[in-house]
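The task is to assemble the complex, starting from two chains supplied on their own in separate frames and drawing on the hints.
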Amino acid sequence: MASFGVVVFPGTWSDRDSHFAVHDRLRQEARYIWHKERDLSGLDCVILPGGFSYGDYLRCGAVASMSPVMEEVREFAARGGLVIGICNGFQVLCESHLLPGALMRNASLQFRCQPTNLRVETTDTPFTTEASTGQLLRVPVSHGEGNYFADAETLARLEDTGRVVFRYVDATGEATAESNPNGSLNNIAGIVNDAGNVLGMMPHPERASDPLLGSEDGLVIFQSIVRNAERVLSTT
Amino acid sequence: MASFSAEVFVVLKPLVNDPEGLVIRDGLHNIGFPEVASVRSGKYLTIDLDVGSRSEAEARLEAMCQKLLANPVIESYRVAVREAAPA
Chain E
1 MASFGVVVFP GTWSDRDSHF AVHDRLRQEA RYIWHKERDL SGLDCVILPG GFSYGDYLRC
61 GAVASMSPVM EEVREFAARG GLVIGICNGF QVLCESHLLP GALMRNASLQ FRCQPTNLRV
121 ETTDTPFTTE ASTGQLLRVP VSHGEGNYFA DAETLARLED TGRVVFRYVD ATGEATAESN
181 PNGSLNNIAG IVNDAGNVLG MMPHPERASD PLLGSEDGLV IFQSIVRNAE RVLSTT
Chain X
1 MASFSAEVFV VLKPLVNDPE GLVIRDGLHN IGFPEVASVR SGKYLTIDLD VGSRSEAEAR
61 LEAMCQKLLA NPVIESYRVA VREAAPA
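Protein chains in written order, with this note's numbering: chain E, 1 to 236; chain X, 1 to 87.
Treat the hints with care, since some could be wrong.
As the list claims (entries may be wrong) - So, partial list: chain X residues that the calculated Cβ filter (under 7 Å) puts toward chain E:
(1) Pro-19
(2) Val-23
(3) Asn-71
(4) Val-73
(5) Ile-74
Hint data in this document are derived by calculation from the structure and do not stem from the laboratory.
Cβ atoms here follow ideal geometry from the backbone N, Cα and C, with glycine treated the same way.
Bound conformation, chain X alone (with noise of 0.2 Å):
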């Protein structure tokens, strides 16, 4: 058994509407940085798991993403995965 931390970014399909985002984005352009291009919203979620490999907690966070953390109609994710330091 080893201890790994993963960090789970959610983010919208680029082409799924994020009003969100284009009400941050105007914010930002109102409090002076016209330079904004886009702003896109999402989710960012740190999980720690104890599994036997790196492979085993990718393959798990992989299916977490699946079945709950994300859904897959209107978002997509990316996982990063390390080894947490021994306590």
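Chain E with its partners taken away, still in its complex shape (with noise of 0.2 Å):
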């Protein structure tokens, strides 16, 4: 059994649904965290869901990262817990600077909605354990600003050491320019941290976590956490 932590800012709109994929799917633990909130005892994995943190006020989850609950979510990280940005989740990881670079304006301008195709990267991270590597996960978008860009050197970095976990690709597994659907650099679609224990990525695998949903392939990312769980509680 995995103890995860839902949290809420003012405008964050897939909490219910990050609850359900856990909760309600995998029979987790799970709670709710409002951003004022400090606690997070117990915990094995923090969930940052989408939305529209303090309405994408400046930049994209700009202010959240500024928030009470993620002072505690930067030490939580440090002592090695598990953190799964998602949408943005992911902006508010980057402009917390647990993970680099930025996520941007997609290149079309248009807000995406659409099933994507990602390719599971590497299976050395807490993750993605329970898939395989390159296996295809269909999972949504759903974002104006999920457009990965962070300077060459960064880039290059976050290749060579196996850190891209998700990119998108065509139904054949092909990392294609119509494929991405928001202009990220070498179509990125999910990172993580040096450490391996901060995820974040722009598809919604919770929208992916039932069959009346259309596909339930996000479920191996939460499955993966589940699994890996006690081994990372057990070392911090």
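Shown next, in the form of structure tokens:
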């Protein structure tokens, strides 16, 4: 049994879906954490869900990164706790400097809400151990600012150290320009930090967590977290 | 204590692609401004603050830009400070 904390900022909208994925579908413990709270005790994994925290004012995730709960999430991550930022959560993690780079306006300037194919690039993270390398996951995106950018040096380091976890690909597994919904560099859909315990991804695995939703391919990410939660806790 | 007014300009760094600026440029081309070579979009903020001196105002605004107003990964900023006229 793993214990999940689902952070709720004003304007978060995927908190219920994230709770559903881990609590209803995987039968794990889960509780909501309001952005002004500081108590992360007993958690194995913090989920920063999608949405429009603080109305996306100034920059997506910028104001949320200054909230009280994020101070605690920084410490939680530093202790080795698992953190997954989905969509707006990925933006918050970049603004908090827990992940490198930034998420910019989609190259199309359009808000894109559509299914994507993700290729699992590595199983050497606590978020993907239950998947296989090269496996394709059908998971939707829903964002206007998911265009991953990092300077050339950072990008090279991410690629060279295997920290790109998911890439947008076509149905045959090729990373093409057409399969990239937002113009992300190298078709990047998700990355982890140096330590490997903080994942940011623009697609919504919680919205691919039940056959009724058209896909349950996203569950493998949460299943991996559950599998690895015990190991992570024992080392912290 | 003195009152200062600041203008803060936040723009994307030159190396960062600016799709919004490209669309604005194309729009200007379409309506009869073919001479437009490039457009960069950004943010403009005005900030009023009460501090002891101009140098303190500049230092505080610099810190605001670093911490919140700009994202140093993709953006650069410029601050112009002037003493506000007494009310």
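Checked hints:
Hint status for X:Pro-19: holds, given a least beta-carbon distance of 5 Å to chain E, under 7 Å. Satisfaction of the interface hint for X:Val-23 is found here, the shortest Cβ-Cβ separation to chain E being roughly 6 Å, below the 7 Å cut-off. Because the closest C-beta pair between X:Asn-71 and chain E is about 6 Å apart, less than 7 Å, the hint holds. A least Cβ separation of about 4 Å between X:Val-73 and chain E falls short of the 7 Å threshold, and the interface hint therefore holds.
The criterion of a C-beta within 7 Å of any C-beta in chain E is met by X:Ile-74, whose closest approach is roughly 5 Å, and the hint holds.
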